[in-house]
Amino acid sequence: MKKILIFLICLILAGCSSKSSEHGQKRKELSEYKKIVQKVKTSKPQENPPFDYRLVYSKVDDGYRYDLIINNPSITMLHIKALSYSSSLNDKYYPTLGLFEEAQYSLKKDYVNKKEGYYKGFALSGKVKEKDELKLYISYENKSKRVGEVYRIHYED
Numbered sequence: 002m003k004k005i006l007i008f009l010i011c012l013i014l015a016g017c018s019s020k021s022s023e024h025g026q027k028r029k030e031l032s033e034y035k036k037i038v039q040k041v042k043t044s045k046p047q048e049n050p051p052f053d054y055r056l057v058y059s060k061v062d063d064g065y066r067y068d069l070i071i072n073n074p075s076i077t078m079l080h081i082k083a084l085s086y087s088s089s090l091n092d093k094y095y096p097t098l099g100l101f102e103e104a105q106y107s108l109k110k111d112y113v114n115k116k117e118g119y120y121k122g123f124a125l126s127g128k129v130k131e132k133d134e135l136k137l138y139i140s141y142e143n144k145s146k147r148v149g150e151v152y153r154i155h156y157e158d
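Numbers 2 to 158, taken from my numbering, label the letters of the sequence shown in order.
Where hints are given, some of them may not hold.
[Stated by the list, open to error] Straight-line distance between alpha carbons at most 27 Å, and here's what the computed DSS-like set of lysine-lysine pairs gives:
1. K45 with K93
2. K132 with K45
3. K116 with K42
4. K40 with K115
5. K93 with K60
6. K109 with K146
7. K93 with K109
8. K146 with K130
9. K27 with K146
10. K60 with K110
11. K132 with K42
12. K45 with K128
13. K128 with K35
14. K146 with K35
15. K109 with K40
16. K115 with K45
17. K27 with K93
18. K60 with K42
19. K130 with K93
20. K29 with K144
21. K36 with K146
22. K40 with K144
23. K93 with K115
24. K132 with K29
25. K29 with K40
26. K36 with K116
27. K110 with K35
28. K109 with K121
29. K60 with K132
30. K132 with K93
31. K116 with K128
32. K93 with K128
33. K144 with K110
34. K27 with K116
35. K130 with K42
36. K130 with K35
37. K40 with K27
38. K93 with K29
39. K146 with K93
40. K115 with K27
I should point out that these hints are in silico values taken from the structure, not numbers from a laboratory.
Let's have the full structure, built from the sequences with the hints guiding it.
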């Protein structure tokens with residue numbers, strides 16, 4: 002009887018510790034999200050990103066929905082993290098890629114292999130009050146280091 006009781010206690014404690022570590026991971030991800038949003042708000046965006054993009058707006062009831070499509074990179078970008086920012090956000094959170102997901106996203110010129118995590122491109126979609134340019138934070142690994150940049154995404158009607 003004691004062995005069963007000890008086993009059950011150990012099982013309960015193991016379950017609690019895994020939930021605690023999962024909670025710690027979510028807290029870390031949220032902290033990184035907040036730091037990125039602050040960086041994007043305060044950074045002067047660069048021009049000429051190392052990829053092609055298309056920004057499309059669609060009218061919805063309370064503003065616009067946008068789709069920012071990123072593809073055709075000129076360089077290899079591994080383990081991408083991205084966030085699109087608009088000063089007229091009409092949603093609770095800014096759209097992200099690679100911050101809260103376990104999946105890894107990479108882009109490489111003229112190469113697609115989803116099993117290895119290489120995609121042709123990706124899209125970030127969000128809701129805004131008005132059509133305007135966006136800022137895109139993108140962080141990725143290259144051959145030697147992790148690079149994080151903020152780019153201006155122009156919108157032409």
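Status of each hint after checking the structure:
{"no.": "1", "hint": "K45 with K93", "verdict": "holds, 24 Å"}
{"no.": "2", "hint": "K132 with K45", "verdict": "holds, 20 Å"}
{"no.": "3", "hint": "K116 with K42", "verdict": "violated, 35 Å"}
{"no.": "4", "hint": "K40 with K115", "verdict": "violated, 30 Å"}
{"no.": "5", "hint": "K93 with K60", "verdict": "holds, 18 Å"}
{"no.": "6", "hint": "K109 with K146", "verdict": "holds, 16 Å"}
{"no.": "7", "hint": "K93 with K109", "verdict": "violated, 32 Å"}
{"no.": "8", "hint": "K146 with K130", "verdict": "violated, 37 Å"}
{"no.": "9", "hint": "K27 with K146", "verdict": "holds, 25 Å"}
{"no.": "10", "hint": "K60 with K110", "verdict": "violated, 33 Å"}
{"no.": "11", "hint": "K132 with K42", "verdict": "holds, 18 Å"}
{"no.": "12", "hint": "K45 with K128", "verdict": "holds, 23 Å"}
{"no.": "13", "hint": "K128 with K35", "verdict": "holds, 19 Å"}
{"no.": "14", "hint": "K146 with K35", "verdict": "holds, 22 Å"}
{"no.": "15", "hint": "K109 with K40", "verdict": "holds, 26 Å"}
{"no.": "16", "hint": "K115 with K45", "verdict": "violated, 34 Å"}
{"no.": "17", "hint": "K27 with K93", "verdict": "holds, 17 Å"}
{"no.": "18", "hint": "K60 with K42", "verdict": "holds, 25 Å"}
{"no.": "19", "hint": "K130 with K93", "verdict": "holds, 13 Å"}
{"no.": "20", "hint": "K29 with K144", "verdict": "holds, 26 Å"}
{"no.": "21", "hint": "K36 with K146", "verdict": "holds, 19 Å"}
{"no.": "22", "hint": "K40 with K144", "verdict": "holds, 24 Å"}
{"no.": "23", "hint": "K93 with K115", "verdict": "violated, 30 Å"}
{"no.": "24", "hint": "K132 with K29", "verdict": "violated, 32 Å"}
{"no.": "25", "hint": "K29 with K40", "verdict": "holds, 17 Å"}
{"no.": "26", "hint": "K36 with K116", "verdict": "violated, 31 Å"}
{"no.": "27", "hint": "K110 with K35", "verdict": "violated, 31 Å"}
{"no.": "28", "hint": "K109 with K121", "verdict": "holds, 8 Å"}
{"no.": "29", "hint": "K60 with K132", "verdict": "holds, 10 Å"}
{"no.": "30", "hint": "K132 with K93", "verdict": "holds, 18 Å"}
{"no.": "31", "hint": "K116 with K128", "verdict": "violated, 31 Å"}
{"no.": "32", "hint": "K93 with K128", "verdict": "holds, 9 Å"}
{"no.": "33", "hint": "K144 with K110", "verdict": "holds, 15 Å"}
{"no.": "34", "hint": "K27 with K116", "verdict": "holds, 25 Å"}
{"no.": "35", "hint": "K130 with K42", "verdict": "holds, 17 Å"}
{"no.": "36", "hint": "K130 with K35", "verdict": "holds, 22 Å"}
{"no.": "37", "hint": "K40 with K27", "verdict": "holds, 20 Å"}
{"no.": "38", "hint": "K93 with K29", "verdict": "holds, 19 Å"}
{"no.": "39", "hint": "K146 with K93", "verdict": "violated, 32 Å"}
{"no.": "40", "hint": "K115 with K27", "verdict": "holds, 26 Å"}
Checked against the numbered hints above, the structure breaks hints 3, 4, 7, 8, 10, 16, 23, 24, 26, 27, 31, 39 and satisfies the rest.
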